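Guided by the hints, dock chains B, C and D onto chain A, whose structure is given.
Below, each chain spelled out in residue letters.
Protein chains: 4
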Amino acid sequence: MKKVIGFVGVGTMGKPMAFNLIKAGHQLVVYDINPKPLEELKQGGATVAKSGAEAASGAEIVITMLPKSEHVEAAILGGQGVIEGVKPGTVVIDMSTIDPSVSKRIAGILDSKGVKMLDAPVTGGETGAQAGTLTIIVGGNEDVYKQCLDIFNAMGKNVFYCGPNGNGEIVKLINNLFGGIHAMSTAEALALGVKAGVDFKVLYDVICAGTGATNFMKMYCAIKAFKGDFEPGFMAELMHKDLGLAVTLAKEKEVPLLIGALTYQMFTRLMAEGLGKKDFSITIKTFEDLLDIKMKL
Amino acid sequence: MKKVIGFVGVGTMGKPMAFNLIKAGHQLVVYDINPKPLEELKQGGATVAKSGAEAASGAEIVITMLPKSEHVEAAILGGQGVIEGVKPGTVVIDMSTIDPSVSKRIAGILDSKGVKMLDAPVTGGETGAQAGTLTIIVGGNEDVYKQCLDIFNAMGKNVFYCGPNGNGEIVKLINNLFGGIHAMSTAEALALGVKAGVDFKVLYDVICAGTGATNFMKMYCAIKAFKGDFEPGFMAELMHKDLGLAVTLAKEKEVPLLIGALTYQMFTRLMAEGLGKKDFSITIKTFEDLLDIKMKL
Amino acid sequence: MKKVIGFVGVGTMGKPMAFNLIKAGHQLVVYDINPKPLEELKQGGATVAKSGAEAASGAEIVITMLPKSEHVEAAILGGQGVIEGVKPGTVVIDMSTIDPSVSKRIAGILDSKGVKMLDAPVTGGETGAQAGTLTIIVGGNEDVYKQCLDIFNAMGKNVFYCGPNGNGEIVKLINNLFGGIHAMSTAEALALGVKAGVDFKVLYDVICAGTGATNFMKMYCAIKAFKGDFEPGFMAELMHKDLGLAVTLAKEKEVPLLIGALTYQMFTRLMAEGLGKKDFSITIKTFEDLLDIKMKL
Amino acid sequence: MKKVIGFVGVGTMGKPMAFNLIKAGHQLVVYDINPKPLEELKQGGATVAKSGAEAASGAEIVITMLPKSEHVEAAILGGQGVIEGVKPGTVVIDMSTIDPSVSKRIAGILDSKGVKMLDAPVTGGETGAQAGTLTIIVGGNEDVYKQCLDIFNAMGKNVFYCGPNGNGEIVKLINNLFGGIHAMSTAEALALGVKAGVDFKVLYDVICAGTGATNFMKMYCAIKAFKGDFEPGFMAELMHKDLGLAVTLAKEKEVPLLIGALTYQMFTRLMAEGLGKKDFSITIKTFEDLLDIKMKL
Chain A
1 MKKVIGFVGV GTMGKPMAFN LIKAGHQLVV YDINPKPLEE LKQGGATVAK
51 SGAEAASGAE IVITMLPKSE HVEAAILGGQ GVIEGVKPGT VVIDMSTIDP
101 SVSKRIAGIL DSKGVKMLDA PVTGGETGAQ AGTLTIIVGG NEDVYKQCLD
151 IFNAMGKNVF YCGPNGNGEI VKLINNLFGG IHAMSTAEAL ALGVKAGVDF
201 KVLYDVICAG TGATNFMKMY CAIKAFKGDF EPGFMAELMH KDLGLAVTLA
251 KEKEVPLLIG ALTYQMFTRL MAEGLGKKDF SITIKTFEDL LDIKMKL
Chain B
1 MKKVIGFVGV GTMGKPMAFN LIKAGHQLVV YDINPKPLEE LKQGGATVAK
51 SGAEAASGAE IVITMLPKSE HVEAAILGGQ GVIEGVKPGT VVIDMSTIDP
101 SVSKRIAGIL DSKGVKMLDA PVTGGETGAQ AGTLTIIVGG NEDVYKQCLD
151 IFNAMGKNVF YCGPNGNGEI VKLINNLFGG IHAMSTAEAL ALGVKAGVDF
201 KVLYDVICAG TGATNFMKMY CAIKAFKGDF EPGFMAELMH KDLGLAVTLA
251 KEKEVPLLIG ALTYQMFTRL MAEGLGKKDF SITIKTFEDL LDIKMKL
Chain C
1 MKKVIGFVGV GTMGKPMAFN LIKAGHQLVV YDINPKPLEE LKQGGATVAK
51 SGAEAASGAE IVITMLPKSE HVEAAILGGQ GVIEGVKPGT VVIDMSTIDP
101 SVSKRIAGIL DSKGVKMLDA PVTGGETGAQ AGTLTIIVGG NEDVYKQCLD
151 IFNAMGKNVF YCGPNGNGEI VKLINNLFGG IHAMSTAEAL ALGVKAGVDF
201 KVLYDVICAG TGATNFMKMY CAIKAFKGDF EPGFMAELMH KDLGLAVTLA
251 KEKEVPLLIG ALTYQMFTRL MAEGLGKKDF SITIKTFEDL LDIKMKL
Chain D
1 MKKVIGFVGV GTMGKPMAFN LIKAGHQLVV YDINPKPLEE LKQGGATVAK
51 SGAEAASGAE IVITMLPKSE HVEAAILGGQ GVIEGVKPGT VVIDMSTIDP
101 SVSKRIAGIL DSKGVKMLDA PVTGGETGAQ AGTLTIIVGG NEDVYKQCLD
151 IFNAMGKNVF YCGPNGNGEI VKLINNLFGG IHAMSTAEAL ALGVKAGVDF
201 KVLYDVICAG TGATNFMKMY CAIKAFKGDF EPGFMAELMH KDLGLAVTLA
251 KEKEVPLLIG ALTYQMFTRL MAEGLGKKDF SITIKTFEDL LDIKMKL
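Residue numbers (my numbering), protein chains in the order written: chain A, 1 to 297; chain B, 1 to 297; chain C, 1 to 297; chain D, 1 to 297.
If we strip away everything but chain A, and leave its shape as in the complex, we get (with noise of 0.2 Å):
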């Protein structure tokens, strides 16, 4: 059954998304702040439109997908913004990474409008966006959730039914805490190895079969930063966002986070160091300049 998909939001991340949409045989309606990627959709076969209302308007569906928290509050609940537009019945999924406390006001506005909504963040950056491989990650009701599974998979390979609103980008947050307590944890276990005087294939090797394994190593390092390759992937300064609303997660449930909170300022360091753009796993090229040593594979 194909759907008319309203699509606010269609930058490195949404404008891949979009087209595996089309791609599926859905009516993409779509709307950017920015105009070049609305032209390259509409010559794919999408419809522009002028503002997230109107984006909106005649949707079944309509999808969102912006940097952080209050960019998601001004296109949803902002002036033309999609509440504007949007019908009783319509679904709002929010795919970016979010408070989940900001999500769920936003659902709870939605819902007393007769609207349903799910927080459905994702993983696999902008490769897996393109591959439609990504990891999606959702809360929400769980019906409304099924009656979506044809939308997600055109977009992703796992996905993955979390519970009620918020959930998804609880989860999210908590998979992207590991990923930042990873990427310093991970550089200043190594350098130390190197420094050492262990080589590093071999640190690398043994460290990745054994007990000590981690996806950021195994998967992420080996064909990126152990490769002299630090341009994002993944921006230091959106891996400084999500551990920051974990660390708020943390502050709201009482729960005490000396690793993550940890990690989080030293990731701000690396922010006031310029270094927000580079790949997340920059990390380790701040220990391989400090130390004066070179973990490459």
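Worth flagging that the hints you see were computed from the coordinates, not collected in a lab.
Certain hints may be false.
Put simply, identical chains are the same to the list, so a pair is met inside one copy or across any two.
As the list claims (entries may be wrong) - Straight-line Cα separation of at most 20 Å, PhoX-like style, residue types lysine-lysine; simulated pairs:
(1) Lys195 <-> Lys104
(2) Lys195 <-> Lys251
(3) Lys278 <-> Lys294
(4) Lys253 <-> Lys195
In this text the structure is predicted, and so the values were computed from the model without any measurement.
Just chains B, C and D now, kept in the frame of chain A:
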């Protein structure tokens, strides 16, 4: 080519390793301060020696498997120790996890007597020792390492050569540094998710499928801590010891180890709380108790 | 020049502050959700109002003294709040310790009604409030600050002007950030000395005489924690709140706050352990208990 | 009662201390590996020895003042060291800041030769050494301490007796542990205030007047770091050494030292950044540079 092997230290780990060497056809001469395992090994075909010196006196290979640096030092260099019995040309293989600088010092002393040493700490625990599936991480002269490969293969499955004396210990410490950090960070990060309202199984499944995955979660906790089993396995006090060695190594090499040092101090706190004899994944239980949550599969 | 002063929030701190204003000859109109202190103040000569709006309606000065940001927001901006009664030209002085950004926002809203606000948080605790020896840390328009100096002098001994709206709160948070860090670091550092075999009194004397001295040790703990008294004083949960505000401020300003963030997380742990109602120097006791030592003068 | 005093180690600290002893009427026999200060002391009336052994041979008191544990060990126990010249009944006073366990070990060895030792590290720096106003922190036998009081009073103003051998070193390390923590926490906390828009002088005045005050801010930084002076004073690399000793002591005593360990690792990072020869308040400057702010009085 079957060999005469002196084996000093036949405890939880050493005993099954010695049995595997007997099974492989080698002739074992064993010594321990505890008579009980000696009796078992005697019935299994080993000869029992009255001291390390005696165990070493007729051996081509001498293996030591002991808890701490000071035990290895005493067993090899102390009164009636290996050094008093060992003949030039023999190879001493210390399979304990100890301070790399102590290991290097002992190797130097043995070398001056015409005796080569390898440091060859293992991972895989009691289960791996019994099954002969240990991972063995070797430092020392490469030719000597190659001569000993059949010995290693009788006890383990993956054998890694890591460079000169001490490097086996260094790589082992880095591996356990990752293990300790994961034990702490996994506890706090998953606790946050559960406290925020996510079902533990869902959280586990998503993290294990994603970029945040670790072997600690997927392979270690899944069959132990997440089943409510906190009996060792690998005792928290041994993890504490190894983290202490890693922090000391970082001090010597002037590597800033922020997350590692914080993790070490948190394990020191666990020791003070009397949890040293539990499995090192006891970190999970401390967060369950502190926050009144369950993290069980 | 005696004034009519509306006073909202007459709890542990606010009540004695209000009494000091009465003593200085001012005419007080007081409001609180708790009737008990209102009765006491009535007998002391104050008029009792039925709401914040009523307390503000005839006042030249309105003072608020409440626990948290949300209380101040409700008391000033909420239904029957100060804003509904206050007249243009009145000065609102919020003496609570709250989020600087909330403080600035409220000041902006009041300003648009022709009402000036000062943020004027205090240090010195209940004792200082009773004795009229509080330190008062003021942000806002400097002329307005000067007009209110006699009011401040009736309640405190040291009054500091810190710049525009919000700056009083910021400086207060920095002060408490030091306090929280000292509470944690003093506990662990002195515990180390005692555990290593030094008499506590000797340790105390030497540190207090030297470069490591802090007012926290010399003036605060000396008459409280080191006498075995852990009743507030200043509750751990309030310190936790203030540390949380400092960490949030650091997040907004992108300042890496490593020791501050670690301290905050350790206080979060104390909360989870149920120690929030104790004095914030309870850190001393947790180390006494953990290590089975005494730190008493 | 004027005495013959052997003095080994007459560098930045030792030289002015030796001059103060001469001024008090004692007869000095001095030794150092560096000939330059020996010449100066000779012109000041001291006798120059060719070794530690010779300096000790005719002395009633032998003082050592050296940078690190290994120097003290070599100077006292090594070839041509104090132990080779010293006579039973002599008192050896080591005024260096070293590992308490090394100090205790040396004291034990000297004791077996009929020589008593005191550990008597100092605070107050070069200025205090010159002015004879050092604080001297003494461990060892109390009667021996009393006999040496006139010697201590010639060099210092406050002399503290802290208990048996090693306790002087322990208390000194705790003092410097506070110093290191304050250097780190003061930098980040004040930087937050300034970055949030508070005038530095105001911030300084309020904190110094309040419960957050430290001698580090009021007495040390006020005349140094906050004037833009980061020349030692007390070098960051010496603070790093002392923090390392404190962390090692915590390891031996099984005291969890979370903030201390984090501070130590942050100083390790400063070392790696090449800042070891600066004053330990260089932490202030690193935050000024990182955040592009000024923290100057």
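>> Output the indices of the hints that this structure fails to meet, ascending.
In response: Of the numbered hints, all hold.
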